[in-house]
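Please model the entire structure based on the sequences and the hints provided.
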Amino acid sequence: VTMTRRSDVFVDLRRRSQISNRYRNCIFISIHFNATSHIGVKGVETFYVGKRGRFLAKAIQNHLVSNLKVRDRGFKFKRFSVLNDTVCPAVLAECGFISNSYERSRCNSSSYQAAVARSIVSGIEGYDRAY
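Our numbering numbers the first residue of the sequence shown as 1 and each following residue consecutively.
Just so you know, the hints here were simulated from the structure itself, not pulled from any lab data.
In this text, a Cβ means the ideal position worked out from N, Cα and C, and glycines have one as well.
Each hint can be trusted.
Across the chosen pairs, the derived CB separations fall in these ranges:
(1) 10 - 130: 26 to 36 angstroms
(2) 51 - 111: 33 to 43 angstroms
(3) 101 - 14: 30 to 40 angstroms
(4) 69 - 15: 28 to 38 angstroms
(5) 23 - 81: 14 to 24 angstroms
(6) 71 - 37: 10 to 20 angstroms
(7) 23 - 101: 31 to 41 angstroms
(8) 101 - 2: 29 to 39 angstroms
(9) 102 - 74: 13 to 23 angstroms
(10) 104 - 22: 29 to 39 angstroms
(11) 10 - 102: 22 to 32 angstroms
(12) 126 - 32: 16 to 26 angstroms
(13) 102 - 129: 29 to 39 angstroms
(14) 130 - 37: 29 to 39 angstroms
In structure tokens, the structure reads:
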């Protein structure tokens, strides 16, 4: 595992892709918590680019939904800057909406964050078995 950042300091999106591109046989996962002006929106969604990214996104999304017991907003193709420049399978996981008060309180809890991490690992393991 290589972290592109370990604190709340912005790292350029292109730089994040460049870091991942240094490694062979890797995957790129960008973990986020979403926000919107519509406070009722909730759930998790995973975005991808590329065919292998699609399979990785599906595996991660399925584990996030089943383990976290949250609304399934699906896995979707989207050309986010952070995903576009990677050469490996790349996904961006939105693990809840901090604009929703209930989800914000969950997202702030260490137990939820640990469950998110376990779900992502389970998704990676499922993807790895398939490839």
